[in-house]
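> Since the structure of chain V is provided, determine the placement of chain C on it from the hints.
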Amino acid sequence: MNEKKTFWQHLQAWVNGEEAILHADEYIKKREQPHQKRWIKKPNMQRIKENKGLYWFLCVLVSLVFITIMLLVVSHLPTFGQPINPTNNEVMERYLEKGIEETGAINFVAGMILDYRAFDTFGESNVLFLAVISVLILLKRDKKNINAREDRETEEDERFDRSDHKSILKIGAKYLSPVVILYGIYVVLNGHLSPGGGFSGGSIIGAGLILYAAANGHEAMRRFFTFKTFTLISVGCLLTYCGCKSYSFFTGANHVGYEIPKGIPGNILSSGFILPLNICVGLIVACTMYGFYALFTKGDM
Amino acid sequence: MEHVNLVHNIPFFSIFIAMFSGIITPLVKNGKIAHKIHMIMVLIVMIMSAILLMNVVKNGESFTFMMGHFPAPWGNELRAGPLEALMALTFSVVMFLTVTGGIEFIYHDVVPEKQSFYFIMMNAIFGGMLSLIYTNDIFTAYVFIEIITIASCALIMAKGTAQAMVGTTHYLVISLLGSGLVLLGICILYSITGHLLFPQIKESVMQLFQSGEYSFPLLVVTGFMFIGIAIKSALFPFHSMLPGAYQSAVPTSSGILSGLVLKSYIILGIKLIYSVFSVDVMLNLKILDILFVFGLAGMVMGSVYAMRETRMKRMLAYSSVAQIGYIYMGIGMASRIGMVAACFHILAHAVTKSMLFLCCGSMVETCGNKEQIYYLRGAGLRNPLAGIGFTVGALSMVGVPLFVGFISKLYFATASIYAPGKMAAVLIVLGISMILNALYFLPSVIAIWTPVKKEGEEAKKAVISPAFGVCIVLFILINIGMGIFYRPFISIIEMGISLLQ
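Each protein sequence line maps, in turn, to chains V and C. Going by our numbering, the first sequence opens with residue 1, and the numbers climb by one from there. Going by our numbering, the second sequence opens with residue 302, and the numbers climb by one from there.
Don't read these hints as lab results, they were simulated from the structure. The beta-carbon is built from N, C-alpha and C at its ideal position, and this holds for glycine as well. There may be inaccurate statements among the hints.
[As the list claims (entries may be wrong)] The calculated label-pair distances, taken between Cβ atoms and stated as ranges, are:
1. C/514 - V/236: 47 to 55 Å
2. V/57 - C/781: 46 to 54 Å
3. V/152 - C/334: 45 to 53 Å
4. C/764 - V/57: 50 to 58 Å
5. V/239 - C/767: 29 to 37 Å
6. C/360 - V/63: 14 to 22 Å
7. V/74 - C/781: 48 to 56 Å
8. V/63 - C/722: 55 to 63 Å
9. C/331 - V/166: 38 to 46 Å
10. V/164 - C/334: 37 to 45 Å
Pulled out of the complex, with its shape left as it was, chain V reads as follows (with noise of 0.2 Å):
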């Protein structure tokens, strides 16, 4: 074979895409060489097996190196606790000595995340929010991803679960889970008062709906909780968050005045808008707990 008419061959071939690899074989036969490395890789299962001690030794190794390194810096790091560390600068000083009369709330943590850095906080809302979207987007019967043979399960869970008396279950899930609920409730509107808050308030509740919905089944879920609820929920929680505080952003960051009235500190009806951006965040929670929860079991709210 001629030597330069194979070197156009292949540019040609290459200029062309993947008309080289079916040259390449040719060529290779031709020649009787070795078999070349293919130029699209497949998941090797058995290369993969072999290199197993490879892999274990590698990781085993990158581990230590990390450890090693978060060890090292731990034991550079201020002793925790001390009065003369870093973090206890102006900054700390300010939200304990100022901040039940700057944001009206006896928990100093509601204050600082629900008011001096409100804007982190809105933010993580909406991650919860997001990440109860994506989950639907994977998860959500659709033409894509259910074929006949999982929804002929899906209907034989069903059925067995309907069969299933679980009586244990149900009678502890009938007596538990409204106090389980009205506990979160309680922790929720106690937020700016006492420990806790909207975020431990809610995963409360969220508990509490999932201990209904494994008790009583989906369906029985489904009289008062579907997913317009869901949506509807969040989408208001999420709205009136973002209303209130682009209040108070715009209003305090451009000095305009109006502020909302404080209240007196310890009373259930002060501190501004943290009692209900507190209730946001906690039925936000809610939701996403139990969304998860029926999305990981059914597909489907």
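Okay, now just chain C, sitting in the frame of chain V:
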């Protein structure tokens, strides 16, 4: 009531309007209405950013905006100057053109009942990118990095194919590694400085650096944060998630992710270099040199990987790796002009790569959803507009004069003169990389314009929607316009960087 400067409110309005439209979109069941909401939102942000840019350039100022009633070390803050405004404007223009031009792909690839969810993610990712551009607070940056991570994974998997799931998983794992490193860095940084806002951290870091206290944690912090950002922006050794993800995603998503999302992390990195760690500290800790070396490696290796690739979208993904390498090389040169070149390349690549992905998607559709370059032969003749767009993009990426890619390469070469000890490396690698770029882009351009003699069936012309046509024409015009009238952009970037310090 004092005098209210509405222009200073623009960063806050832009972020909130993006998040707001993300929040209200689930109420809309129809993808078309969701798209309209998204379009209007991006248009409003575009107009506002343009006003902001004109104002800050006219006054030559940068300002901070207090988010709420509490001043700097206690509350959150946003910061805007010419650089930020220019980035926000470019991002909104590219976002608008990419989504409008690629709308047919979204309607085609995403199931109808999930299209409105797709637009929630688009709005959220836009809000997140704006926040990363404008933020002056390191924790806010982290929160919005999280939002962008979740939204970008959702954008990749929205297609719902098995391949998309694999791509998403890979992308998610590597992105989370990056976010984790950034978060660890923020935690350690907080415990040694006691602040979360950029100016205050910078003060403490300077003090720590001069007194030599906590020098080891400081080194680890900078290392973690910049490695985290490098992973998130797919610098060379961490690029492995790109090809699979971009290949399997809707072309519109790939365009947004490659053109904008990767860049938003780099902009955060540039802000960190100037307003948190300061160039002196970074140089002393050798972090910039490391970024420089990996940038050089990325420039060559990305192109080498791209040459080996026979599927067009994967080739574009690897080309992104090479272009990210260019940006990091510019950052690593540690001179003002190197940074200007890097920032200009961010704009250039954003404008070009989104167009390339759209054109590639359209040509792949013309050729019956086959991605191999072999099957795309003659696609340019059947779908001329996409072919022209691809050609312009490819020429711009290679660095042909008149196109925007040429200017950034010119500036990289100029910047190398001001980088002592790095000049030879920059010039040699720049030359090699440009040749490699030409070696993989030009064959694909030749391939798409080669007529194929099909046995029997006549090649049918592609039907392209008017929106796609208009957007590609606008992209081409912007590309050539920025390649010819580049002076204003450079001077705005220079002004922005000098104000950032």
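> Which hint numbers doesn't this structure obey?
3, 6 and 8
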